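Quick note, the sequences are listed as chains A and B, same order. Each residue of the first sequence is one higher than the last, beginning at 1 in my numbering. Each residue of the second sequence is one higher than the last, beginning at 1 in my numbering.
No lab work stands behind these hints: they were computed from the structure. Take these hints with a grain of salt, some might be off.
So these bits of chain B aren't anywhere near chain A, every CB distance computed over 12 angstroms [stated by the list, open to error]:
hint, residue
1, 65
2, 78
3, 141
4, 180
5, 212
6, 232
Quick list of the computed label-pair ranges, beta carbon to beta carbon [claimed, not checked]:
hint, chain 1, residue 1, chain 2, residue 2, range
7, A, 167, B, 113, 52 to 58 angstroms
8, B, 134, A, 259, 28 to 34 angstroms
9, A, 30, B, 192, 55 to 61 angstroms
10, B, 113, A, 29, 51 to 57 angstroms
11, B, 140, A, 209, 27 to 33 angstroms
12, B, 141, A, 17, 50 to 56 angstroms
13, B, 156, A, 156, 27 to 33 angstroms
Predicted model, so just to flag it, every value in this text is computed and none were measured. Glycine included, C-beta positions come from ideal geometry on N, C-alpha and C.
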Amino acid sequence: MTMSTASPLTHPSASQGEALHVSNLHKRFGALEVLKGVSLTAKDGDVVALIGGSGSGKSTFLRCVNFLENPTSGVIRINGEEVEMVSDGAGGQVPANRRQIERIRSRLGMVFQNFNLWQHMTLMQNVVEVPIHVLGMKRDEAVAIGEQLLERVGLSAKRDVYPAFLSGGQQQRAAIARALAIQPRVMLFDEPTSALDPELVGEVLKVIADLAAEGRTMLLVTHEMKFAREVASHVIYLHNGIVEEEGPPDELFGSPKSERLKQFIRTVS
Amino acid sequence: MTDASLVPQAVLDLLALLSPSPPGWGGNLLRGLLHSLQIAFGSFAMGLMIGTLGAYAKLYGGPIARDLAAIYTTVVRAVPELVLILLLYYAGTDLINRVLESAGYARVDINGLVAGIVVLGFVQGAYATEVLRGAIKAIPQGEIEAARAYGMGPMLMMRRITLPAMLPYALPGLANLWLISTKDTALLAVVGFSELTLETRQAAGATKAYFLFFMAAGALYLLVTLFSNAIIGRIEKWARRGLPSAKGAR
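Take the sequences, apply the hints, and build the full model.
This is the structure in structure tokens:
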């Protein structure tokens, strides 16, 4: 996918550069080590799916990528820019420069399990908030882009509605529009369908699949194995904080090597 | 039959005392009301500012900021307001003048209005701290997290997300504080500030029409409350625009 128009609806960068690189990431909560050295590289256009059982550390990994959790150790490079960390004096590390973190975060489109739309704003206000107030875009321009994005996720008619008055599926689609509005280098999905009623899962997965097909770089934590197999270019199976197995989806799901993964695939499918 | 003969002349004479221009005392009462409202508004606004700082200090501050905020809210809420007002007013003005004198400046007369606002605002701030702290804690954490995840800095997040999102949870408590502040102005009568209560007492003392004037003052306080309620209702409706009604959730 090498479209090079400036439209926000298309993949923002056409080069096959490295979008995200994580190496040897550790995360410790007190005595509990949740991540024990996880590495990952995503090139532009890659769709990396993280799968694993509850407590495997997959959500924590995603949250470390945009520093909602501070990794205990490890290197994170986003857009070729390495995040500077300093010791927090208690065995961990914290970002050295808040502005660097804020700048990097404003290029990562996070989609949460519980949508986390701002309740005091309409859908349109949610979508244009970050472009205007963080990225400094002009309001007219942001609204024009917002209109296209809401149209794309099928919510044009709801642009002036507050999130609480919408279904979970609609809220999650709006949250995806909010993420797209910042023209993210990488989209981060943290179990985007886990909080949805079963009949609403499909509409959200369809939007995500369209984004994957268009060549967006995505990191996707999910319980939807069938979906991961369909959209991902690379699948990582995490178990107890380490990468137990990884590879192309057909290989991983078709002929799993490790006993744990075989068992995991049996229990979830 | 004219109206005058319907109502005894004595009653008319009494009511004439409320006339806004002398020899009526109505003008004094209205002036007192204006002063009361100025102080109530000023101290409420100051209380909101202190309260916001206090709530942030308690929730996100370092150990020193947290301790200072805790001491402030504990002490102010422990001591009767009347005592605090006497203490802050007399001790406060005295302190300022001592400082001025020792620095070689002349003593100043502290403006009663400003002193009243500062004293009551200081008291209001302690209560507002707790109201706002509770309201901020009531915001769904995910909304704060989303703001962080999209690269908002602390000030932007406070202005765009935290304060508007906590407003629906804070308003009932803040409305209480506003109504309390309109009536706490009466406490300033003890330091000789001519707000509504003191003006009423003077008018009543001069005319001996105690019942009339205190009823009139009561009616004025009631009007302020009714008007406030109407405004607060509108603000609350606006602040809750994104939240489904509590009735609907039942």
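Evaluated hints:
no., hint, in the structure
1, 65, "18 angstroms, holds"
2, 78, "35 angstroms, holds"
3, 141, "9 angstroms, violated"
4, 180, "27 angstroms, holds"
5, 212, "48 angstroms, holds"
6, 232, "18 angstroms, holds"
7, A:167 - B:113: 52 to 58 angstroms, "54 angstroms, holds"
8, B:134 - A:259: 28 to 34 angstroms, "51 angstroms, violated"
9, A:30 - B:192: 55 to 61 angstroms, "60 angstroms, holds"
10, B:113 - A:29: 51 to 57 angstroms, "54 angstroms, holds"
11, B:140 - A:209: 27 to 33 angstroms, "29 angstroms, holds"
12, B:141 - A:17: 50 to 56 angstroms, "35 angstroms, violated"
13, B:156 - A:156: 27 to 33 angstroms, "28 angstroms, holds"
Of the numbered hints given earlier, the model fails hints 3, 8, 12; all others are met.
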